[in-house]
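Q: Now for the letters of each chain:
2 protein chains.
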Amino acid sequence: MKLASYVSGRWVEGSDQGTALIDPVLGTELARASTTGVDVGAALAFARDKGGAALRDMTFAQRGALIKGIADVLTAKRDSYFAIAQANSGNTKIDGAIDIDGGIGTLKYIARLGETLGAAKYLKDGKLERLSRDEAFQAMHVSVPIRGVGIHINAFNFPSWGLWEKAGMSILAGVPAFAKPATATALLSYQMVKDVIDAGVVPPGVLSLVCGGARELTDLVTGQDAIAFTGSADTAAALKTHKRVIESCVRLNIEADSLNSCILGPDAKPGTPEFDFFVREVVREMTTKAGQKCTAIRRAFVPKAVIGDVAAAIEAALGKIVVGNPRNETVTMGPVVSKSQQKAVLEAVAKLKSEAKVVTGDGALKLVDADADKSCFIAPTLLRCDTPATANVVHDVEPFGPVSTLMPYDNAAQAIQLADRGEGSLVASIFTGDKDFARDTVLGIGPYHGRVLVVDASVGKAQTGHGIVMPMCVHGGPGRAGNGAELGGLRGLAFYHQRFAVQGRADWLQNVAAGAADANG
Amino acid sequence: MKLASYVSGRWVEGSDQGTALIDPVLGTELARASTTGVDVGAALAFARDKGGAALRDMTFAQRGALIKGIADVLTAKRDSYFAIAQANSGNTKIDGAIDIDGGIGTLKYIARLGETLGAAKYLKDGKLERLSRDEAFQAMHVSVPIRGVGIHINAFNFPSWGLWEKAGMSILAGVPAFAKPATATALLSYQMVKDVIDAGVVPPGVLSLVCGGARELTDLVTGQDAIAFTGSADTAAALKTHKRVIESCVRLNIEADSLNSCILGPDAKPGTPEFDFFVREVVREMTTKAGQKCTAIRRAFVPKAVIGDVAAAIEAALGKIVVGNPRNETVTMGPVVSKSQQKAVLEAVAKLKSEAKVVTGDGALKLVDADADKSCFIAPTLLRCDTPATANVVHDVEPFGPVSTLMPYDNAAQAIQLADRGEGSLVASIFTGDKDFARDTVLGIGPYHGRVLVVDASVGKAQTGHGIVMPMCVHGGPGRAGNGAELGGLRGLAFYHQRFAVQGRADWLQNVAAGAADANG
Numbered sequence: 072m073k074l075a076s077y078v079s080g081r082w083v084e085g086s087d088q089g090t091a092l093i094d095p096v097l098g099t100e101l102a103r104a105s106t107t108g109v110d111v112g113a114a115l116a117f118a119r120d121k122g123g124a125a126l127r128d129m130t131f132a133q134r135g136a137l138i139k140g141i142a143d144v145l146t147a148k149r150d151s152y153f154a155i156a157q158a159n160s161g162n163t164k165i166d167g168a169i170d171i172d173g174g175i176g177t178l179k180y181i182a183r184l185g186e187t188l189g190a191a192k193y194l195k196d197g198k199l200e201r202l203s204r205d206e207a208f209q210a211m212h213v214s215v216p217i218r219g220v221g222i223h224i225n226a227f228n229f230p231s232w233g234l235w236e237k238a239g240m241s242i243l244a245g246v247p248a249f250a251k252p253a254t255a256t257a258l259l260s261y262q263m264v265k266d267v268i269d270a271g272v273v274p275p276g277v278l279s280l281v282c283g284g285a286r287e288l289t290d291l292v293t294g295q296d297a298i299a300f301t302g303s304a305d306t307a308a309a310l311k312t313h314k315r316v317i318e319s320c321v322r323l324n325i326e327a328d329s330l331n332s333c334i335l336g337p338d339a340k341p342g343t344p345e346f347d348f349f350v351r352e353v354v355r356e357m358t359t360k361a362g363q364k365c366t367a368i369r370r371a372f373v374p375k376a377v378i379g380d381v382a383a384a385i386e387a388a389l390g391k392i393v394v395g396n397p398r399n400e401t402v403t404m405g406p407v408v409s410k411s412q413q414k415a416v417l418e419a420v421a422k423l424k425s426e427a428k429v430v431t432g433d434g435a436l437k438l439v440d441a442d443a444d445k446s447c448f449i450a451p452t453l454l455r456c457d458t459p460a461t462a463n464v465v466h467d468v469e470p471f472g473p474v475s476t477l478m479p480y481d482n483a484a485q486a487i488q489l490a491d492r493g494e495g496s497l498v499a500s501i502f503t504g505d506k507d508f509a510r511d512t513v514l515g516i517g518p519y520h521g522r523v524l525v526v527d528a529s530v531g532k533a534q535t536g537h538g539i540v541m542p543m544c545v546h547g548g549p550g551r552a553g554n555g556a557e558l559g560g561l562r563g564l565a566f567y568h569q570r571f572a573v574q575g576r577a578d579w580l581q582n583v584a585a586g587a588a589d590a591n592g
Numbered sequence: 072m073k074l075a076s077y078v079s080g081r082w083v084e085g086s087d088q089g090t091a092l093i094d095p096v097l098g099t100e101l102a103r104a105s106t107t108g109v110d111v112g113a114a115l116a117f118a119r120d121k122g123g124a125a126l127r128d129m130t131f132a133q134r135g136a137l138i139k140g141i142a143d144v145l146t147a148k149r150d151s152y153f154a155i156a157q158a159n160s161g162n163t164k165i166d167g168a169i170d171i172d173g174g175i176g177t178l179k180y181i182a183r184l185g186e187t188l189g190a191a192k193y194l195k196d197g198k199l200e201r202l203s204r205d206e207a208f209q210a211m212h213v214s215v216p217i218r219g220v221g222i223h224i225n226a227f228n229f230p231s232w233g234l235w236e237k238a239g240m241s242i243l244a245g246v247p248a249f250a251k252p253a254t255a256t257a258l259l260s261y262q263m264v265k266d267v268i269d270a271g272v273v274p275p276g277v278l279s280l281v282c283g284g285a286r287e288l289t290d291l292v293t294g295q296d297a298i299a300f301t302g303s304a305d306t307a308a309a310l311k312t313h314k315r316v317i318e319s320c321v322r323l324n325i326e327a328d329s330l331n332s333c334i335l336g337p338d339a340k341p342g343t344p345e346f347d348f349f350v351r352e353v354v355r356e357m358t359t360k361a362g363q364k365c366t367a368i369r370r371a372f373v374p375k376a377v378i379g380d381v382a383a384a385i386e387a388a389l390g391k392i393v394v395g396n397p398r399n400e401t402v403t404m405g406p407v408v409s410k411s412q413q414k415a416v417l418e419a420v421a422k423l424k425s426e427a428k429v430v431t432g433d434g435a436l437k438l439v440d441a442d443a444d445k446s447c448f449i450a451p452t453l454l455r456c457d458t459p460a461t462a463n464v465v466h467d468v469e470p471f472g473p474v475s476t477l478m479p480y481d482n483a484a485q486a487i488q489l490a491d492r493g494e495g496s497l498v499a500s501i502f503t504g505d506k507d508f509a510r511d512t513v514l515g516i517g518p519y520h521g522r523v524l525v526v527d528a529s530v531g532k533a534q535t536g537h538g539i540v541m542p543m544c545v546h547g548g549p550g551r552a553g554n555g556a557e558l559g560g561l562r563g564l565a566f567y568h569q570r571f572a573v574q575g576r577a578d579w580l581q582n583v584a585a586g587a588a589d590a591n592g
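Note that the protein sequences, when read in sequence, are chains A and B. For any residue, its number in my numbering is found by taking its place in the first sequence, counting from 1, and adding 71. For any residue, its number in my numbering is found by taking its place in the second sequence, counting from 1, and adding 71.
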């Protein structure tokens with residue numbers, strides 16, 4: 072099977088063999104993807120001209136309905152996607168749900184945003200404001216959709232959610248989505264887009280999909296395009312320094328990996344619900360999707376007095392994790408996505424061991440229904456570093472797999488300092504029953520984070536998860552995390568809009584404002 | 072005289088001769104500036120540690136009062152600054168006022184913003200929102216000041232306004248200002264900061280000034296610093312691709328030059344007030360500060376039928392401009408800032424002449440009280456290009472001096488297309504008495520602009536000017552203009568804050584929200 076690209080309103084296969092997509096459990100080839108010969112320039116122009124015009128003619132409510140239509144197609148086909156996620160990503164049922172249902176749920180949320188915005192086609196930001204003594208002359212701010220495309224370069228770990236969270240927000244803004252999934256796991260993205268296109272719910276040019284290498288994509292961007300990238304810092308740097316991106320000052324949003332942390336409060340002694348919720352969360356973040364989430368917990372900070380208890384509790388819980396072929400229903404953790412990722416994780420663990428010792432995992436791998444040679448498994452590995460204040464590697468090297476490092480802190484101020492040593496993270500979580508500790512820690516670590524989750528006993532069950540991106544909350548962190556921001560309700564629309572000030576007669580401004588929805592809801 | 076730098080709480084002179092600051096009328100040396108031997112790393116650390124801590128301890132109201140204190144010092148010394156602007160920048164009284172009063176006025180406006188925000192120290196953005204069925208678990212968004220400094224790299228044309236619009240917003244946000252004015256005109260920045268420091272109104276580390284080369288400044292930035300740059304696209308590109316800036320994902324706001332346009336409406340026939348206001352604005356933008364404003368009108372689009380009338384009217388008005396030494400009170404236009412700028416403008420005009428012919432100016436220079444050999448004057452030059460749809464240079468080459476190109480358009484749709492050919496501009500203005508033409512053009516050119524001014528007869532006198540940046544409106548345009556945004560009331564605070572989502576118990580979130588002011592006013 073060869074994955075075609077959906078460009079210029081039709082499916083086009085690459086002209087050569089391309090790259091193989093491999094089952095990370097069985098080692099077998101599932102499909103191939105190639106973009107050789109695909110006219111990316113024509114595809115971009117088609118999307119900008121046809122798709123852009125179509126979307127800008129629609130109201131937010133109409134775009135919302137379009138997005139709802141996509142979600143409905145995917146919902147109807149939902150069950151068929153789990154087998155793909157299992158085969159191409161080695162996903163368990165829960166892993167698959169996070170990606171598949173996460174994508175569909177995000178689309179549904181974005182569709183509702185469109186409904187809320189109603190009959191407008193653009194946004195106003197704030198009220199009219201006087202600029203001089205004469206009340207007749209005032210100013211306001213308006214946001215209109217950019218005239219280009221949203222170029223969405225996605226990571227291998229979320230072929231569904233990554234695709235749809237970007238495409239949904241882009242389309243709602245009135246900007247065509249031009250998606251480039253990671254080739255290694257593109258099968259799910261391909262099948263979903265195929266189903267949506269076959270269902271005829273998307274006007275020409277509104278949704279494009281490039282399966283295979285990105286080729287000259289970045290050579291062809293303009294100052295009216297917006298590139299949203301999720302992936303490694305290295306690729307992010309290549310994008311940021313790309314000649315065309317620089318020259319045309321292309322909008323660029325980066326979500327890079329980060330060393331997210333969680334903090335156990337000084338009050339949360341063994342036996343408290345917060346202690347138990349903390350242990351559960353660390354284990355869940357380590358093992359869900361085999362730790363391959365940009366938001367996963369890499370560093371766990373606990374009061375020095377309880378580090379032994381925490382280590383024992385996590386070790387015990389990890390002991391119950393069943394690693395192996397997700398086709399076996401007893402399996403609770405699958406492989407990482409590829410041999411090269413497996414190698415990278417093992418190398419990262421080796422580096423971490425220069426500062427941390429192994430509590431459990433690291434090589435001690437018992438597999439269910441899988442051949443270690445053919446597959447890409449990593450044992451759930453808990454490390455422990457007792458000198459986090461003087462250590463460096465534990466705050467810098469990210470094992471993109473089922474690996475976390477447990478570290479002690481001396482006092483509340485040090486917990487904040489240690490979390491911030493990540494130099495910018497997507498998320499941190501705080502497990503505590505102490506309201507003041509929670510507030511001080513939230514505000515203390517805030518400058519270095521994109522999201523902070525606080526869990527006490529009362530929300531321990533209702534909370535949506537350290538690693539789960541909710542579409543009402545911004546996703547993206549400063550510094551190392553890429554300094555980007557996606558989603559966050561209406562906030563996510565800003566990236567695809569140009570906001571500008573309009574100065575003029577107050578009554579004329581009211582006339583412009585009358586056609587706008589409120590950017591701040 | 073040698074300009075010292077104010078770093079680490081004291082004045083430090085560079086150890087070598089440094090660069091000369093030259094009077095652009097007389098050609099004489101006014102001062103020298105050098106940063107050789109200045110410990111920039113220690114200065115940054117001092118600002119981050121002392122200045123940052125001091126500001127974060129203050130409420131917005133207290134920071135506003137601090138900024139008001141700066142404005143008061145400058146107001147008291149105001150008259151003394153005009154002589155510096157005249158000597159170092161060749162400014163007329165009006166030119167000087169735009170820079171000096173513009174800076175003071177912007178500080179006063181920012182101080183009032185602080186008063187409005189009151190006793191809070193950080194911001195909340197939007198309301199609490201539910202994330203799951205359980206109402207107890209919710210989310211909100213908070214913005215806290217970043218922990219670094221605002222590194223403000225300014226352009227030569229606004230040594231006062233450029234300094235203070237950036238420093239004011241940064242300080243209000245709780246982030247120390249670390250200013251690096253353009254060396255060529257740094258005398259005014261130096262004297263103003265000296266007066267402010269001497270007055271003792273600024274706590275240690277809150278305001279730093281580097282006079283001379285930037286040296287290793289960008290090698291020392293962190294992911295918690297924010298660089299605000301105004302200047303050329305080339306320097307912007309160097310900043311964007313700087314290794315440290317890339318690696319640490321440093322916040323970067325760029326204001327680059329752009330080919331701003333103004334559009335005369337089809338209704339605005341000769342004899343209408345809109346026609347007259349248009350001509351006045353073009354002439355004012357061409358000659359104020361000798362056309363050295365990033366926001367100046369470079370391209371003037373008029374209905375084909377009236378281009379002859381417009382050319383004649385502008386030519387007549389330019390004929391009344393008196394060019395020469397601003398010390399002579401009859402003079403209404405001064406020089407450009409330096410011989411190298413003079414050369415660059417003449418080269419740009421030569422390029423423009425490949426597509427446009429000269430209506431007036433270009434060499435025909437009559438100087439009052441000035442020696443052409445020693446000084447840096449450019450004749451106010453109006454060009455005309457009758458084929459703007461097929462021309463390229465007129466939409467691409469920016470003469471940073473008293474030069475504009477007049478061009479005809481065939482219909483309203485083409486006027487929009489031509490304005491957008493600038494590929495991103497800081498500002499455009501529309502002169503029309505037709506409400507519908509105004510609205511359609513505003514929304515049509517919006518994606519390519521940071522600000523749009525609409526002038527009809529009723530606001531012709533009250534309007535604040537095409538080229539004047541008002542602190543209540545965002546300043547910055549997409550694409551070529553750098554894709555940045557400064558000012559805009561409270562919007563300007565976002566650049567110096569980290570916005571993050573907080574998820575947790577609703578009542579705990581209310582506790583965090585209680586300490587915050589509303590980011591949206």
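Simulated from the structure, these hints should not be mistaken for laboratory data. Please note that the accuracy of each hint is not assured.
No copy labels: a pair is met if it fits in one copy or bridges any two.
Taking lysine-lysine and the DSSO-like style, the derived pairs with C-alpha atoms no more than 27 Å apart in a straight line are [unchecked claim]: (1) Lys506 / Lys265; (2) Lys422 / Lys164; (3) Lys198 / Lys179; (4) Lys198 / Lys532; (5) Lys121 / Lys164; (6) Lys148 / Lys445; (7) Lys445 / Lys198; (8) Lys198 / Lys506.
Q: It remains to establish, for every hint, whether it holds in the given structure.
A: Checked hints:
Taking identical chains as interchangeable, the C-alpha atoms of Lys506 and Lys265 are never at most 27 Å apart, the minima being 49 Å within one chain and 46 Å between chains. Taking identical chains as interchangeable, the C-alpha atoms of Lys422 and Lys164 are never at most 27 Å apart, the minima being 32 Å within one chain and 65 Å between chains. Taking the closest pair of Cα atoms, Lys198 and Lys179 come within 27 Å of each other only across two copies (21 Å); inside a single copy the shortest separation is 30 Å, beyond that limit. Within a single copy, Lys198 and Lys532 get their C-alpha atoms only as close as 41 Å, which misses the 27 Å cut-off; across copies the closest is 23 Å, which meets it.
In the homo-oligomer, the alpha carbons of Lys121 and Lys164 never lie at most 27 Å apart, since the shortest distance is 38 Å inside one protomer and 52 Å across protomers. Taking the closest pair of Cα atoms, Lys148 and Lys445 never come within 27 Å of each other, the shortest separation being 31 Å inside a single copy and 78 Å across copies. For the identical chains of this complex, Lys445 and Lys198 are neighbours neither inside a copy (62 Å) nor across copies (51 Å), given an alpha-carbon limit of 27 Å. For the homomeric pair Lys198 and Lys506, the shortest alpha-carbon distance between copies (20 Å) is at most 27 Å, but the shortest distance inside one copy (36 Å) is not.
Violated hints, in rising order: 1, 2, 5, 6 and 7; the structure is consistent with all others.
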